[in-house]
Amino acid sequence: MTTKVITEVTRVAAGDDRVHYDAVEMALHWTTAVLVIALYLLAQAWGFLERGPLRHALQSLHVSLGLLLAATLLVRILWRVGPGRSLPPATTGLVELAAKTSHYALYTLLLAVVGLGLCFRWAQGEPLAFFGLFALPAPYPFVKEQAQTLGDLHYWVATTIIMLAGLHAAAALFHHYVLRDNVLWRMLPGLRARHAEAATPDPRTVAKKS
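Counted from 1, the sequence shown has number 194 at position 209 by my numbering; the numbering is strictly sequential.
Just so you know, these hints were derived from the structure itself, not from any lab. Just so it is clear, the structure is predicted and the values come from calculations on it, not from any experiment. Wrong hints could be hidden among the right ones.
[What the hints assert, rightly or not] Estimated spans, in silico, between C-beta atoms of each pair:
hint, residue 1, residue 2, range
1, A42, G100, 18 to 28 Å
2, V9, P38, 31 to 41 Å
3, I147, I62, 45 to 55 Å
4, A42, Y89, 29 to 39 Å
5, K129, H88, 34 to 44 Å
6, T145, R40, 23 to 33 Å
7, S45, Y125, 31 to 41 Å
8, H41, S87, 35 to 45 Å
9, Y162, P124, 44 to 54 Å
Glycine is no exception: its CB is placed at the ideal position from the N, C-alpha and C atoms.
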């Protein structure tokens, strides 16, 4: 595999489409990332605790953040198909196909993990409450026998998302520190101007050299 092909594959994996995302897309992207990580860490944390108030509090927080993730995904999808910036293909051929497949797979997994989490909670017979403000009733009469299967699926889909997110981050860091391109910068709000300024030669330095 040539260096050019490696560069192209990792560029696509890092999400480089040669355009900057708008501020709303950036905010939704990072909100999604923070929520996914927080939800996974919460699930790992209460596994070390005995049944009690603290464990219950962590699970309730997990549910509330899960509902927030569901709302964020909904807004993100609506933004992309609505007023959001239309992004051109990152590349052509098989690499473009792989990029699109990975993109839609991640969205599908995120929607699946949210849906499975909601169904798991309903099957447990527990309230699906959002920070104690309101609760969503079950749209289907789940039974507790379904809880184990739903919980296992929810866990493994979440684990798969974390693994894919890790690969995504590794590709972005590879581009930033090894290839030294703009892949990471384009998804960091507030740093674009500073990066552009850093990339512009100092006129005084140019004058001295001339």
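Taking the hints in turn, this is what the structure says about them:
Distance hint check for A42 and G100: the Cβ-Cβ separation is about 24 Å, which falls inside the suggested range of 18 to 28 Å. The hint said 31 to 41 Å for the Cβ distance between V9 and P38, and at roughly 38 Å that hint holds. A beta carbon spacing of about 21 Å between I147 and I62 contradicts the range 45 to 55 Å that was offered as a hint. Distance hint for A42 and Y89: a CB-CB separation of about 36 Å, consistent with the stated range 29 to 39 Å.
The hint said 34 to 44 Å for the Cβ distance between K129 and H88, and at roughly 37 Å that hint holds. As the Cβ distance of T145 to R40 is approximately 25 Å, the hint placing it in 23 to 33 Å holds. At about 22 Å, the CB distance of S45 to Y125 disagrees with the hint of 31 to 41 Å. Distance hint check for H41 and S87: the Cβ-Cβ separation is about 37 Å, which falls inside the suggested range of 35 to 45 Å.
Against the hinted window of 44 to 54 Å, the Cβ-Cβ separation of Y162 and P124 comes to about 47 Å, which satisfies the hint.
Going down the numbered hints, you'll see the structure goes against 3 and 7, while the others check out.
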